[in-house]
Amino acid sequence: MLTVLNGLSFGFILFLLASGLSLIMGAMGVLNLAHGALYMVGAYVGWSVAVDQDASFLLAVAAGAAAAGLVGLVMERGLFARLHDRLDEQILAAFGCLYILTDLVSLIWGPQAKAPIDVPALDGSVTIAGFSYPLVRVVIIGVGIAFAIGLWWLQERTRAGAIVRAGMDDSSMVRAIGINVELVVALLFVVGAAVAGAAGVIGGLVLGASTSFGIDVLLLALIVVVLGGVGSVGGALAGALMVGVVDTVSRTELPEVSSFTLYALMTVVLLLRPTGLSGKAA
Amino acid sequence: MRNMSRPPGELAGQRRRQRRARGFSLVLAAAALVIALVAAGCGGSEKKSGSGGTIKVGLLWPFNGFASNYGPDGKAGVELALKQAGMEVGDKKIQLVTANENVLDPSQTLQAAKKLVQQDGAEVVLGPVFGSSQQAVGRYFASRKVLSIVPYTATRELAQTGTYVSWPSLDTNFATPLGDYLYDKLGYRSIATLAPDYVYGKNLIEGAVKPFVAAGGKVAQSQKVPLGTTDLLPYASHLSRNVDALVMWLVPQDAASFVKAYKSLRIKVPLIMINGIFDPTFQEIGSQVEGTLGLMDWSLGIKNAENTKFVSEFRKANNDTAPNNNNAAAFANAQIMLAALEKSGGSTNVDELRKALQSIEVQTPYGPAKFDKLLAGVTSRTVVKATRESDGHYVWAPVETFDFVPGS
Chain A
94 MLTVLNGLSF GFILFLLASG LSLIMGAMGV LNLAHGALYM VGAYVGWSVA
144 VDQDASFLLA VAAGAAAAGL VGLVMERGLF ARLHDRLDEQ ILAAFGCLYI
194 LTDLVSLIWG PQAKAPIDVP ALDGSVTIAG FSYPLVRVVI IGVGIAFAIG
244 LWWLQERTRA GAIVRAGMDD SSMVRAIGIN VELVVALLFV VGAAVAGAAG
294 VIGGLVLGAS TSFGIDVLLL ALIVVVLGGV GSVGGALAGA LMVGVVDTVS
344 RTELPEVSSF TLYALMTVVL LLRPTGLSGK AA
Chain B
1030 MRNMSRPPGE LAGQRRRQRR ARGFSLVLAA AALVIALVAA GCGGSEKKSG
1080 SGGTIKVGLL WPFNGFASNY GPDGKAGVEL ALKQAGMEVG DKKIQLVTAN
1130 ENVLDPSQTL QAAKKLVQQD GAEVVLGPVF GSSQQAVGRY FASRKVLSIV
1180 PYTATRELAQ TGTYVSWPSL DTNFATPLGD YLYDKLGYRS IATLAPDYVY
1230 GKNLIEGAVK PFVAAGGKVA QSQKVPLGTT DLLPYASHLS RNVDALVMWL
1280 VPQDAASFVK AYKSLRIKVP LIMINGIFDP TFQEIGSQVE GTLGLMDWSL
1330 GIKNAENTKF VSEFRKANND TAPNNNNAAA FANAQIMLAA LEKSGGSTNV
1380 DELRKALQSI EVQTPYGPAK FDKLLAGVTS RTVVKATRES DGHYVWAPVE
1430 TFDFVPGS
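As given, the protein sequences belong to chains A and B, one line each in that order.
Throughout, our numbering is defined as the position within the first sequence, counted from one, plus 93.
Throughout, our numbering is defined as the position within the second sequence, counted from one, plus 1029.
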């Protein structure tokens, strides 16, 4: 029971991280390998606001999201808008951004990792099925569920979501009916970056902040998107929860094989469903 | 915003999307594998050694990358020791040359080591710090007969090359005093252990476990954390509650995450931290570990004359900044190097330095130190307790010190 809960709470952190990456890929065809670095930027900015400035955690989340969104805006306007449909260049540019952002963070905050953010109001625990469970993890699961519903509603039930979906199908047609696709794409990139930044701060409650996040969490986010399928909120959620639970269970129950469990899972899913669990296509 | 339904007849669009998705999935899978490999890490002109009156000392510590704080920390410690010695030993001047230890790419560290020795002319080397780097350069130093002093233990295999000075001991011997302390002083009979799933972590924990089991204790659970683990909560929730204590070592960032998870689960099993959490992380989570016991080789709170002098001199030289573990390790390593050179009459010949090391006793901030046949340190360990001082800072305060702990 506790192991599954642990997996779910980790899975929801991964969902917050990977949903932005999945939507950006689905809508724009951009493989943003600097997405983990945006998570890292959010984590450090949020840590500074919550710990150094002793401000409220909500303000820290807003600051982390704003900082990552701003960096995302610069990346989109400065690079990806100019590299449309050029996958090789996009990957190289994104890797460059990853290294630059990691070095900048290291320069500003130092190379040493930061301890998890301590929010006294979330310090307690709750009893679930007779087990004591950290309140902060329950809150993360709740935030993840709220985020999933919000993103699904935005994508499936709003005009903005319809434009994004239409852009995934046929961007020329969307342009032809007078919609500024470039603006929509830029906004989506910034929102995806901001969600990654917010995820960095929320994840910072249990993981802290580290300059290794740029690579470490990107790897997990990519596995989530491969499993879930690109451009789908539901797919990202399913993929994230699967990664969270499988990774957590294998680490405690099958530690000898836990290092490659996720890769085995990814291989099996790709063999059975080449477009991911959701079956959705970008 | 109003609801919009999907337009009919999306078949062509769906096919396009299917094709794109397959392409993306393969690219993503390839990217994930490449990143996994990256994350896992995977001779020029001849030596211009110090001229007759100068000995060149190399410092091979990380100056770039995620451990880039180590290099400057180490340099500050070494410079203080050299300054105290007047930048000379006997009638020879000492010159410090630095090189970068690349923590993620041991082959780059090997290149840096070759340059340090063959081009910069280093005759004695301080470092490298990390095990993977030590493995990469061990054979090279042995072939060049260059003595190297490593700050955070070495494996027995490396020590057997005969050119490695392992400080403060071999990795297997770091925590040996803890086993008897747990059994005899604390009365524990059953423990759980937690360590990273690689050689250093395993050997460190084994050092404590062996004497504990020999005394009659039992290890009821042994958890190993694979490299790349992000979330430590599963290891806390999986911990057996029927043990007397959890003996653990994790890198400071992971240790901080683990402690937070541990406390939030309200686990009552006492934590025993081997070489626990260092500053600045220790100050960030001090309130969560207050009262926790641990075993350390050095801490700011250790009370001996040499440590008092070291802390005071370091503060004077560094704008009142207190020294950290890296500063202390590098300082002690430089002291050892100077003492060995003094005894050898300024000779950097590895055989003479080895003979010198085995016949000296050096007063370090850790305590008095000798060296055994494998050149492993025989020095002090201290049982410490995380304590809040009156100014709000946290220190690992000494509880009991063990001198001349066997090094191998």
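Don't read these hints as lab results, they were simulated from the structure.
Wrong hints could be hidden among the right ones.
Covered by chain B, per the in silico footprint, the following chain A stretches (three or more residues, Cβ under 8 Å) [said to hold, decoys possible]: (1) 225-232; (2) 235-242; (3) 326-332; (4) 346-357.
EDC-like mimics (lysine to aspartate or glutamate), calculated; alpha carbons at most 20 Å apart, straight line [stated by the list, open to error]: (5) Lys1253/B x Glu275/A; (6) Lys1231/B x Asp1213/B; (7) Lys1231/B x Glu349/A.
Ideal Cβ positions, reconstructed from N, Cα and C, are used throughout, including at glycine.
Practice prompt. Given the hint that Lys1253/B pairs with Glu275/A, test it: the Cα-Cα distance must not exceed 20 Å.
Written response: With a Cα-Cα distance of about 49 Å, the restraint between Lys1253/B and Glu275/A is violated, given a limit of 20 Å.
Worksheet item: Under a C-beta cut-off of less than 8 Å, do 3 or more residues of the segment 346-357 of chain A approach chain B closely enough to confirm the stated coverage?
Response: holds (count 4)
Item to complete: Would you check the hint for Lys1231/B and Glu349/A, treating anything up to 20 Å between C-alpha atoms as holding?
Response: holds (14 Å)
Worksheet item: Taking 20 Å as the top limit, are the C-alpha atoms of Lys1231/B and Asp1213/B close enough?
Response: violated (23 Å)
Worksheet entry | Coverage assertion for the segment 326-332 of chain A with respect to chain B, Cβ distance below 8 Å, three residues required | With 0 residues closer than 8 Å to chain B, the segment 326-332 of chain A misses the three-residue bar; violated.
Worksheet item: In terms of beta carbon proximity below 8 Å, does the segment 225-232 of chain A have 3 or more residues touching chain B?
Response: holds (count 6)
Practice prompt. Quick one: see if chain B covers the segment 235-242 of chain A, three-plus residues with Cβ-Cβ under 8 Å.
Written response: Since three or more residues must qualify, the claim that chain B covers the segment 235-242 of chain A is violated, with 0 doing so at under 8 Å.
In this structure, the hints that do not hold are numbers 2, 3, 5 and 6, in rising order.
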